[in-house]
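**Q** Chains A and B are the protein sequences, given in the same order. FYI, the numbering for the first sequence is -7 to 408, going by this note's numbering. FYI, the numbering for the second sequence is 126 to 219, going by this note's numbering.
Read the hints as simulated data drawn from the structure, not as lab findings. Keep in mind it's a predicted model, so treat the numbers as computed, not measured. Even glycine gets a Cβ: it sits at the ideal position worked out from N, Cα and C. Do not rely on the hints blindly, as some may be mistaken.
Listed next, the stretches of chain B that the computed footprint assigns to chain A, with coverage defined by at least 3 CB atoms under 8 Å from CB atoms of chain A [as the list claims (entries may be wrong)]:
{"id": "1", "stretch": "169 to 177"}
{"id": "2", "stretch": "202 to 214"}
Facing chain A, from chain B, some residues (calculated, C-beta under 10 Å) [stated by the list, open to error]:
{"id": "3", "residue": "Val143"}
{"id": "4", "residue": "Gly146"}
{"id": "5", "residue": "His149"}
{"id": "6", "residue": "Arg152"}
{"id": "7", "residue": "Leu155"}
{"id": "8", "residue": "Thr156"}
{"id": "9", "residue": "Thr158"}
{"id": "10", "residue": "Gly160"}
{"id": "11", "residue": "Trp162"}
{"id": "12", "residue": "Val197"}
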Amino acid sequence: MKYSALALVRGALTGGRHWTPAWRFPEAKSRYQVLIIGGGGHGLATAYYLAKNHGVRDVAVIERGWLGGGNTGRNTTIVRSNYLFPESARLYDFSLKLYESLSRELNFNIMLSQRGLILLAHSRHDLDSMARWANAMQMNGIDAQLLTRRQVAERAPLLEMSPQARFPVLGGFMQRRAGTARHDAVAWGYARAADACGVDILQNCEVTGFTRDAHGAVTGVLTNRGAIAAERVGIAAAGHSSVLAKLAGFALPVTSYALQAMVSEPVKPALDTVVLSPGTGAYVSQSDKGEMVLGASLDLFPSYAQRGSFAITQSVLAATLAIFPTFSRLRLLRQWAGIVDVVHDSSPIIGATPVPNLYINCGWGTGGFKGIPVGGWTLAHVLATGKNHELAEPFQLARFVSGRLIDEAAAAGIAH
Amino acid sequence: MMQLSCPWCGAREESEFVCAGTAHIARAPLTATDGEWGRYLFLRENPRGVHLERWRHLFGCGQWFNLARNTVTHEVLAVYRMSEPPPPLPGSRA
């Protein structure tokens, strides 16, 4: 059924009885053309674009837990494309452009709010490096605007701008097209749209191994619900990519870390933009529900536990209160962590693996949510055609042999 | 917050330490191919389970040491010095 204001009114008048589930809960078939491991945003987007862009509808998405229950449901919901290098700028801005039309495309309100993102400069060095950063973005055709101290203060009046400030704000820069989107809705929207195209979404289905032919090529997967054959398999499993790679017999340049986030109790609108202070590590926005959403830096030791350390929680709260002193009266409502797949150059890997018929989309590290549309788009392309999408060409595993890294210090924003 | 046992200072809070990644990585020889060198520099097992790793008591005595730590439960299974081989552990790659 198509969602619309009219459907909402009709639903209200008929007691809400005509609503149908947004996707099916099918039994697994024994064979698919393409299997995708990971039912988060990237996996579901891959399935949708396989069907939509390439007409490949014999597809299943395998998810160990529930849809969007991993990092898609654990991030700070921020979308932006303020990257430094041309390769990254193209990739992330393509993603942001897909986000801009996604609600209409999927007939699902992802609640995109392009409220802008301000990066704060706390020192002369910050001002210089942000000028370079903003110039690089403009050279790449992406909107960026340097802000004076006064302009920053006007946009975020609650910022600590007093002469006694521990971290004085000297200025900053802004990407106006950046903002937030409802993270669950992105997963649900892609799931519903993919399901409508005939994609099977198999939840509570954990991959336990791969089946291989005599030449070592992948011919399918073993799961806790039986074996499923496929011509091609794609992995979109973020922090658990190494676990799947090991099952398939290869290693990745990935280390898994916990990245935490937290929200305060909801309050009335007080902050209508996203504020990122790379110098202190504060990353703050206000959700549509009114919660202050605080992002953190990584817990810098390898972890697969989906919970963060209080040492980092404490430093994030201290950083946030240093730049927003009035938030000290807020109570913290929830704190959690997702397991992110960090690679040495902070750039993703989208393409073939050393194992024939097996493809991967990983390495987004702390910034996977903003990359969901383009991650799905480019993985779908290589799964359907066997050739890398032009945008994904620089982001191959081979760069870790050739040395042609795309070292996006800007990608992290917060210290990696 | 984890509590880690420095071999010299005893149990201290995690925030006094920094982790320096996987231990016991053998440096590739100068004759290594690009592939071997890339493997040495970048490829990591990144296990879900026991991980042998280097830590430094940065905000304490400054000494380095090794840990065998479970990456799922964060349980520390062994603490040993840089010069020592990893102790035998169930499920470790040693």
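**Q** With a cut-off of 10 Å, does the beta carbon of B:Arg152 approach a beta carbon of chain A closely enough for the hint to hold?
**A** violated (17 Å)
**Q** Using the nearest Cβ pair, does B:His149 come within less than 10 Å of chain A?
**A** violated (15 Å)
**Q** Counting residues of the stretch 169 to 177 of chain B with a beta carbon closer than 8 Å to any beta carbon of chain A, are there 3 or more?
**A** holds (count 6)
**Q** Going by Cβ atoms only, is B:Val143 closer than 10 Å to chain A?
**A** Hint on B:Val143: holds, closest Cβ of chain A at ~7 Å, below 10 Å.
**Q** Holds or violated: the hint that B:Thr158 contacts chain A, with Cβ atoms closer than 10 Å.
**A** Interface hint status for B:Thr158: holds (9 Å vs cutoff 10 Å).
**Q** Taking 8 Å as the Cβ threshold, is the statement that the stretch 202 to 214 of chain B is covered by chain A upheld or broken by the three-residue rule?
**A** violated (count 0)
**Q** Against chain A, is B:Leu155 within 10 Å by beta-carbon distance?
**A** violated (16 Å)
**Q** Mind checking the CB of B:Trp162 against every CB in chain A and telling me if the closest is under 10 Å?
**A** Check passed: Cβ of B:Trp162 comes within 8 Å of chain A, closer than 10 Å.
**Q** Does B:Val197 pass the interface hint, meaning its C-beta sits closer than 10 Å to a C-beta of chain A?
**A** holds (5 Å)
**Q** Hint B:Gly160 vs chain A: min CB-CB distance below 10 Å?
**A** holds (5 Å)
**Q** Does the CB of B:Gly146 sit less than 10 Å away from some CB of chain A?
**A** With a closest approach of 7 Å, the B:Gly146 hint holds.
**Q** Can the hint on B:Thr156 be confirmed by a CB-to-CB distance to chain A that is less than 10 Å?
**A** violated (16 Å)
In the structure shown, a violation is registered for the earlier hints numbered 2, 5, 6, 7, 8, in ascending order.
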